[in-house]
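**Q** Now for the letters of each chain:
Number of protein chains: 6
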Amino acid sequence: MKIKEYTSGLKTSNAMLIARYTRGVTQNGAPYLSITFQDSSGEIEGKIWDVKAEQEARIQVGLIAEVKFDVNQYKQALQLRVHDLEIKDQKNYVLEEFVNAGQFDINFLRSEITAMIETIADPIIKDLVVANMDAVGEQFYQYPAATRNHHDFVGGLATHVYGMAKLAESVCELYPIYNRDLLLAGVILHDMGKIEEYTAPLLSEYSVAGRLLGHISIMQANFTMIATQLGYADKEQTLLLRHMILSHHGQLDYGSPVMPMVKEAEMLNFIDNMDARTNMFDKFYGDLGEGEFSSRMFALDNRNFYKAKGVK
Amino acid sequence: MKIKEYTSGLKTSNAMLIARYTRGVTQNGAPYLSITFQDSSGEIEGKIWDVKAEQEARIQVGLIAEVKFDVNQYKQALQLRVHDLEIKDQKNYVLEEFVNAGQFDINFLRSEITAMIETIADPIIKDLVVANMDAVGEQFYQYPAATRNHHDFVGGLATHVYGMAKLAESVCELYPIYNRDLLLAGVILHDMGKIEEYTAPLLSEYSVAGRLLGHISIMQANFTMIATQLGYADKEQTLLLRHMILSHHGQLDYGSPVMPMVKEAEMLNFIDNMDARTNMFDKFYGDLGEGEFSSRMFALDNRNFYKAKGVK
Amino acid sequence: MKIKEYTSGLKTSNAMLIARYTRGVTQNGAPYLSITFQDSSGEIEGKIWDVKAEQEARIQVGLIAEVKFDVNQYKQALQLRVHDLEIKDQKNYVLEEFVNAGQFDINFLRSEITAMIETIADPIIKDLVVANMDAVGEQFYQYPAATRNHHDFVGGLATHVYGMAKLAESVCELYPIYNRDLLLAGVILHDMGKIEEYTAPLLSEYSVAGRLLGHISIMQANFTMIATQLGYADKEQTLLLRHMILSHHGQLDYGSPVMPMVKEAEMLNFIDNMDARTNMFDKFYGDLGEGEFSSRMFALDNRNFYKAKGVK
Amino acid sequence: MKIKEYTSGLKTSNAMLIARYTRGVTQNGAPYLSITFQDSSGEIEGKIWDVKAEQEARIQVGLIAEVKFDVNQYKQALQLRVHDLEIKDQKNYVLEEFVNAGQFDINFLRSEITAMIETIADPIIKDLVVANMDAVGEQFYQYPAATRNHHDFVGGLATHVYGMAKLAESVCELYPIYNRDLLLAGVILHDMGKIEEYTAPLLSEYSVAGRLLGHISIMQANFTMIATQLGYADKEQTLLLRHMILSHHGQLDYGSPVMPMVKEAEMLNFIDNMDARTNMFDKFYGDLGEGEFSSRMFALDNRNFYKAKGVK
Amino acid sequence: MKIKEYTSGLKTSNAMLIARYTRGVTQNGAPYLSITFQDSSGEIEGKIWDVKAEQEARIQVGLIAEVKFDVNQYKQALQLRVHDLEIKDQKNYVLEEFVNAGQFDINFLRSEITAMIETIADPIIKDLVVANMDAVGEQFYQYPAATRNHHDFVGGLATHVYGMAKLAESVCELYPIYNRDLLLAGVILHDMGKIEEYTAPLLSEYSVAGRLLGHISIMQANFTMIATQLGYADKEQTLLLRHMILSHHGQLDYGSPVMPMVKEAEMLNFIDNMDARTNMFDKFYGDLGEGEFSSRMFALDNRNFYKAKGVK
Amino acid sequence: MKIKEYTSGLKTSNAMLIARYTRGVTQNGAPYLSITFQDSSGEIEGKIWDVKAEQEARIQVGLIAEVKFDVNQYKQALQLRVHDLEIKDQKNYVLEEFVNAGQFDINFLRSEITAMIETIADPIIKDLVVANMDAVGEQFYQYPAATRNHHDFVGGLATHVYGMAKLAESVCELYPIYNRDLLLAGVILHDMGKIEEYTAPLLSEYSVAGRLLGHISIMQANFTMIATQLGYADKEQTLLLRHMILSHHGQLDYGSPVMPMVKEAEMLNFIDNMDARTNMFDKFYGDLGEGEFSSRMFALDNRNFYKAKGVK
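Residue numbers (my numbering), protein chains in the order written: chain L, 6 to 317; chain U, 6 to 317; chain R, 6 to 317; chain A, 6 to 317; chain B, 6 to 317; chain Y, 6 to 317.
For the record, the hints were derived by calculation from the structure and aren't laboratory data. Predicted model, so just to flag it, every value in this text is computed and none were measured. Note that CB positions come from ideal geometry on N, CA and C, so glycine has one too. Certain hints may be false.
Which residues of chain B face chain Y? A few of them, derived with a C-beta cut under 7 Å, are [claimed, not checked]:
#: 1; residue: T41
#: 2; residue: L172
#: 3; residue: K268
#: 4; residue: M285
#: 5; residue: A313
Calculated lysine-lysine pairs in the BS3-like style (CA-CA distance at most 27 Å, straight line) [stated by the list, open to error]:
#: 6; chain 1: U; residue 1: K240; chain 2: L; residue 2: K312
#: 7; chain 1: R; residue 1: K52; chain 2: L; residue 2: K52
#: 8; chain 1: Y; residue 1: K131; chain 2: B; residue 2: K314
#: 9; chain 1: Y; residue 1: K9; chain 2: B; residue 2: K240
#: 10; chain 1: R; residue 1: K96; chain 2: L; residue 2: K52
#: 11; chain 1: B; residue 1: K240; chain 2: Y; residue 2: K16
#: 12; chain 1: U; residue 1: K57; chain 2: A; residue 2: K240
#: 13; chain 1: U; residue 1: K171; chain 2: L; residue 2: K312
#: 14; chain 1: A; residue 1: K312; chain 2: R; residue 2: K131
#: 15; chain 1: U; residue 1: K312; chain 2: L; residue 2: K171
#: 16; chain 1: U; residue 1: K312; chain 2: L; residue 2: K240
#: 17; chain 1: A; residue 1: K312; chain 2: R; residue 2: K314
#: 18; chain 1: U; residue 1: K16; chain 2: Y; residue 2: K57
#: 19; chain 1: U; residue 1: K96; chain 2: U; residue 2: K73
#: 20; chain 1: R; residue 1: K312; chain 2: A; residue 2: K240
#: 21; chain 1: R; residue 1: K240; chain 2: A; residue 2: K314
#: 22; chain 1: B; residue 1: K171; chain 2: Y; residue 2: K240
#: 23; chain 1: R; residue 1: K16; chain 2: B; residue 2: K57
#: 24; chain 1: L; residue 1: K171; chain 2: U; residue 2: K171
#: 25; chain 1: R; residue 1: K314; chain 2: A; residue 2: K57
#: 26; chain 1: B; residue 1: K131; chain 2: R; residue 2: K52
#: 27; chain 1: A; residue 1: K57; chain 2: Y; residue 2: K16
#: 28; chain 1: B; residue 1: K52; chain 2: L; residue 2: K57
#: 29; chain 1: U; residue 1: K131; chain 2: L; residue 2: K312
#: 30; chain 1: Y; residue 1: K240; chain 2: B; residue 2: K312
#: 31; chain 1: Y; residue 1: K171; chain 2: B; residue 2: K171
#: 32; chain 1: B; residue 1: K314; chain 2: Y; residue 2: K16
#: 33; chain 1: R; residue 1: K52; chain 2: B; residue 2: K52
#: 34; chain 1: B; residue 1: K131; chain 2: Y; residue 2: K312
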């Protein structure tokens, strides 16, 4: 049974991953734990009242637990009242069942993106892309594209790049004034700095370097070092791709130190936003009923989005 | 010979359209005229010094004139010194040679857009689009999409809609969560109010209604009237398309009274911007030399755009 | 006894209207209800602990209930602990005693506003106002002018229009450069779209159309349709009133798609704000003690307003 | 003959006041003077080509000159070509014929405002107003309310205060929640600091103190000194009027160090704006033709205002 | 034992100052008190459950109480469960042990600042500073420089002025273009209005005058009165210091009615910010572990500050 | 004779450097040249009317010319009418007499900054600073710190760094919570990217890389490469200095991709601004008369600065 299927009143046991937890004390002085559980269908909060030391000792972020609980309604959300919690041998579980799953298989993404890189005609751009991909290796296919909001799952970065690349190809076909090699390279490289900006592919948080530098500046420095090692420090292609990495958030206010000043840089910003927003819509439109408005979406300018009635 | 081919020092005669003119007086008290001439290749300013009354009487915006002039450099631009100017029978000229030309033939645009409308599956959406197209008739294929900046030529509106529709189709193929009927209808309808916002398909200015109401509000009212006549006033499709027309500028600051709150409305805004900017790039990148920056582009946040060297 | 008269410690029974309610569960797993009760003097929150199924079944928004309760202080506000709640025959109650009451009688407002319309000298403007009033009928005298903040009561819209019209008349007398017919018509029409923007005259919320279109765009479309039916589509008066409806929020940021560009439109925005703010002051200054500051008022730029000591 | 009556081609002599002038040199190295002349109907620019030393020696800002000139059209405006310029005995001229004239006689304004002060019921507020009026004396009836934009004529401050006071009285009658004494005192005092902010009642510029302190802070300090001398330093009335003087621009961005936090302070800001804008409309609407838009008005958020056709 | 030394699980008695308190009622209807206690090391919140009338009667803000309690963890913070609370003779306590302590002794600050004033060479500036210091007397050495954020302790204002004056002296030595007399006087005078803006040196809140006028306008008026009494109303020095007081927040948005327009005024704003921020860093960096980020600092643009690892 | 000493009416010959020039044509069709000349005292514009081909052929930016001219007043500025212009052997001139001169000798700056680097105690920080200084070599002492506004002269960058370093030392002495090594290193490194951002130490313009990347991102990449080569890629010191380079503009709007989040980074931003503004004041205050306001200073928020009368 998946978390999304729980209903108020349910009493059962189930395996769930411990995503986060905090300790508290009730007004009567009794200690309790608030634990956020997750599986591939979503998250839910649970409480262990009158928590015992031996229970607390078992809790660890990232472990999958066998949880005995009943489900209550609390302030317009469901909440678990946890009666017991056991940690069994972790080898018995398939991790993919407990984390958000992307829509694409990692192998599919790897072969598609590798094939796309092969289509880059400009040899310098191709060398630069290949060398940067080699530098991050398999992490490219594991990291998420964001810690929340969009593509926040194992493989999220590659999924985002794949979606953007498909859209970039359409744009280049419809509008031949854009340089396909540049735009494709920009798509593949633009968010690679997130591998250092986050701490891990799974349950990822911002790293210290991520907070103090940001993925844009991390990637620009890494890319420049690799270009220099390849002897391409002064090539026009290097300059253009550094600019595209730096400007891909589109505005200074959004963390880009320069605005796009090359036509492909401008398109990169649009394509990035369209793919990211589509992924966000994908996440929350499914949960909306027809004729309903979403809650305020912080990452979408606090807008409430509407799901049409009858018109899909 | 086209205006774009003029060089400093040239002395010749040529037919050009009178786009605008103003009267002046020199420091020495002599009256003169400043005339902006145009043909399909661009615009140029000319001066008639010591203008005579009979010359001035011939001048009229929209007429094609036989002009005798020489070309000088003035403050980093070329300027004509007009020696004489004659108005001959206008029937001898082909108007298309004197106005900006779009890249597509009007007949091609008409048949393409008509065919696209045929592909709309939802009968109410299709009825609404057809009835609105019927209401504006052939003007849809004549008006520009802007008075300057982008698609500012006869057929500009249809060219813009056609480019957007192609991109919208790609988006719907890549991301099946978007309703193709809605997005296509939004593309076709969103700027139709410009037919009332501007005064004419050629040499167009903002009309009084255009300035006091804006094309967004004009179109929302027109659309609602037509929907009401069709008996669709309370249909979900009518509501969604009214919202898409109103929100297509994306932000209150840009003249939309509501922000996009439906997923297709969000995409409409991105697609509109991408097609408009591509057209702007198309206009000025051609004039830039490699390794050069453009002047500040007002409609592009005052940015200077760069044309890469060697990397096309 | 009215809600405003309740004091901490009071134990009694009273009839109150159920404005809103939500279900909850305590930390101990017991279900409870949070109900917002109201009468003509204001609102108060109440809790039913250990709610029974038969109690919950009786609760319905909009019903008047006989409630047995005691009053406690909770976080700087009073709160009811509800012991029992009964629903009797609703015909025994006078609804006006349970909803916010405006200061004016509906009949008074209707006759005053009708008389004002009679004073409009321009026949086209008068026709337009009359036809629009006819289209909304008695709803004009029932709807509020806002769901909260100001004039949020049955008859609020008409009260707001009446107050503004009186102020508009003073402005026109003091400053003869303003066209009285236009300004008066603008006052009467500007917020009429709220009748579609809200769901009901009583306990009103935003409708779906209200959220996706806004009352400004709703009214501009309705007005244009009625003007077209009257044969006034191309009249200057129609254009000016469409502009005044669109621009009455004064700024793009506040939801007007165009700023005021006609002198009467500029005044309409000032008069609207002055009357709305006066009504807000009226609501909260009464509850302030002398020498006290109000809490932060969200609709007034988060300001804390001060009530003078001794100087009334 | 008044400046407003000049037409292109006119050759005549006339007396005009010298408002400003600058020296220049033509491309051919010849010195010339640009002089702005004014009379009670408006301003016009004139040029003296090949200016002679003895001519230049006569020029002085503020003098009325007998000017011999002809009128030319230059860049959509008229311009004078000055042939000669003589300075005669200044006593022969009536100054009022050469400066912008307010609509009210100074004696009328003095008696009206003095009578209004008499109607203030609160003795402390009345004392404060009277003492502050005594401190500035006759200057109150001579200074303008702005150096340009609105009420920029001798008596402009008093005219602005008179207009605002009439509107304030209407507001207090319509909305009894406002304290008439406070609002009237705020109206009379709010701009009194302009007497130090500007250099003179006529041809006024900003003084050094005006630029470094601003009229708001100048007046708040003067008012506090006078209140202290009267023994009213700690009175509530003093505090409220200091607050109203400080907050009357409504927003920090507009130079008020605090936002209005007293209900009468909020109204003072609205009334100030309504009267100022009415005066601006009065100035430029008269020059507009029906169906025309004004040029961009800097003091009105760069808007172009429209003059209706047929509907006055 | 100091508050900062408390740990979860501790049960003890201790003397602490009552800084603030509020009454509440639990879900079960039992009254309780929330009290914020403080001593020189910091603050902590405590709860008295089932509070008895005689306990509540003893509570008074500003009293030092003997409190019997145990310490619990509650939502990532410690909290006291208060078992009993007694008020003994207040003379037995040394107040300094219960309030935030500045790093400097008041006598030291007084003699340093007095000596600095002696070094002012310009006799008018010196007179102005001395007279203003005399007017506020010993309060200058008792008031805080802010109610929270920075220098929020007895003597905070003098500590802030002392730090700024030392920095101002360095700036004047390094950059001789700054007038030392002016800058030093600006430092000493700029925040003196806080003595009226706050209610008291200890446990201070904003006064009514503080909220309606602000310390900038209060001080500008006071300074002008004193300068006028000294016969210096029209001196350049008076004008410059009024400007420096008014402009020291640097921007209109931050409450200065004018921006700095004199070079020393610009430096005053920088020096003010540097000393204030250093004091804020001093307060929270001590509590951060190495490699940790602070929580969001509201007074520092919501930034999270980082404490380096190993590199002190 | 220096440019600053020229007065209207002067006729003479003098050697001046050609800083910029443009070609034009008069209304009468005659070609002319506008040349900006400079020497160590400043700049002046000159015109050559009826320019001959052989004259034009001699003109080249960067050459020192012997110019024969007279000086005229034109629109509130002086302008040269150039009669002849000759280019002699450039070896006869001392370049320093023709460019803006800093106040410090390059040798002095080199020995002072080198000595400062020696005082850095942390060996990793010292290594990083030394290696980066080595990488740019003598250019560090030649480049300006800005193309205009502040420190826009040969040696400007080193002069700016020297001034900031002295101020940083004072700050660290007064406030021991700041890490002197970090702050000093930040001062030396922060603007080093300007060596790539500008095209040359003399008559410098923005390079293509400077416009597309900016000195902040250029330097962060260069610094990271050097740190990596030294084996310091993962050192805390490297991370902190990368952050300080990135954040030194203080705000995203000013081109920093991250805001300062380390206390020394915050101070670096203040010190940078204080030194830059002092240099700006130094440049224009000298030209102001007492009691005068400067023109609007674009780089200082369009403020007009005031020079006090009598109070230096």
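**Q** Each hint needs a verdict: does it hold in this structure or not?
**A** The hints, checked one at a time:
Taking 7 Å as the C-beta cut-off, the interface hint given for T41 (chain B) is violated, the closest approach to chain Y being about 28 Å. Taking 7 Å as the C-beta cut-off, the interface hint given for L172 (chain B) holds, the closest approach to chain Y being about 6 Å. Here the hint on K268 (chain B) is kept, as its CB sits about 5 Å from the closest CB of chain Y, short of 7 Å. Hint status for M285 (chain B): violated, given a least beta-carbon distance of 9 Å to chain Y, over 7 Å.
Given the 7 Å rule on beta carbons, the hint for A313 (chain B) holds: about 6 Å separates it from the nearest Cβ of chain Y. The hinted pair formed by K240 (chain U) and K312 (chain L) meets the criterion: a straight-line CA distance of about 15 Å does not exceed 27 Å. Restraint check: the Cα-Cα separation between K52 (chain R) and K52 (chain L) comes to about 23 Å, which is no more than 27 Å; the hinted pair holds. With a C-alpha separation of about 18 Å, the suggested pair K131 (chain Y) and K314 (chain B) falls inside the 27 Å cut-off, and the hint holds.
Note on K9 (chain Y) and K240 (chain B): the hinted pairing is violated, with a Cα-Cα distance of about 33 Å set against a maximum of 27 Å. Distance restraint check for K96 (chain R) and K52 (chain L): the Cα-Cα separation of roughly 47 Å exceeds the 27 Å cut-off, and the hinted pair is therefore not satisfied. For the hint pairing K240 (chain B) with K16 (chain Y), the CA-to-CA distance comes to about 44 Å; that exceeds 27 Å, so the pair is violated. Of the supplied pair hints, the one linking K57 (chain U) and K240 (chain A) is violated, its CA atoms being roughly 76 Å apart against a limit of 27 Å.
For the hint pairing K171 (chain U) with K312 (chain L), the CA-to-CA distance comes to about 25 Å; that is within 27 Å, so the pair holds. Taking the CA atoms of K312 (chain A) and K131 (chain R), the gap is near 21 Å; set against the 27 Å cutoff, the hint holds. Restraint check: the Cα-Cα separation between K312 (chain U) and K171 (chain L) comes to about 25 Å, which is no more than 27 Å; the hinted pair holds. Proposed proximity of K312 (chain U) and K240 (chain L) is supported: the alpha carbons are some 15 Å apart, at most 27 Å.
Restraint check for K312 (chain A) and K314 (chain R): not satisfied, since their Cα atoms lie roughly 47 Å apart, outside the 27 Å limit. At roughly 21 Å between alpha-carbon atoms, K16 (chain U) and K57 (chain Y) fall within 27 Å of each other, so this suggested pair holds. Among the hinted pairs, K96 (chain U) with K73 (chain U) is consistent with the structure: their alpha-carbon atoms are about 20 Å apart, no more than 27 Å. The straight-line distance between the Cα atoms of K312 (chain R) and K240 (chain A) is roughly 15 Å, inside the 27 Å bound, and the hint therefore holds.
Between K240 (chain R) and K314 (chain A), the direct Cα distance comes to roughly 10 Å. Compliance with the 27 Å bound is thereby established for this hinted pair. Annotation: proposed proximity of K171 (chain B) to K240 (chain Y) is violated, straight-line Cα distance about 35 Å (limit 27 Å). For the hint pairing K16 (chain R) with K57 (chain B), the CA-to-CA distance comes to about 21 Å; that is within 27 Å, so the pair holds. Simply put, K171 (chain L) and K171 (chain U) have alpha-carbon atoms about 15 Å apart, close enough for the 27 Å limit, and the pair holds.
This hinted pair does not check out: K314 (chain R) and K57 (chain A) have alpha carbons roughly 69 Å apart, beyond 27 Å. Only pairs whose Cα atoms come within 27 Å are accepted, and K131 (chain B) paired with K52 (chain R) is rejected, the gap being roughly 66 Å. A hinted pair counts as satisfied when its Cα atoms are at most 27 Å apart, and K57 (chain A) with K16 (chain Y) qualifies at roughly 21 Å. At roughly 24 Å between alpha-carbon atoms, K52 (chain B) and K57 (chain L) fall within 27 Å of each other, so this suggested pair holds.
Distance restraint check for K131 (chain U) and K312 (chain L): the Cα-Cα separation of roughly 21 Å lies within the 27 Å cut-off, and the hinted pair is therefore satisfied. Between the alpha carbons of K240 (chain Y) and K312 (chain B) the distance comes to roughly 15 Å, so the proposed pair stays at or under 27 Å and holds. Distance restraint check for K171 (chain Y) and K171 (chain B): the Cα-Cα separation of roughly 15 Å lies within the 27 Å cut-off, and the hinted pair is therefore satisfied. Restraint check: the Cα-Cα separation between K314 (chain B) and K16 (chain Y) comes to about 68 Å, which exceeds 27 Å; the hinted pair is violated.
With a C-alpha separation of about 23 Å, the suggested pairing of K52 (chain R) with K52 (chain B) holds against the 27 Å cut-off. A distance of roughly 21 Å separates the Cα atoms of K131 (chain B) and K312 (chain Y); the hinted pair therefore holds under the 27 Å criterion.
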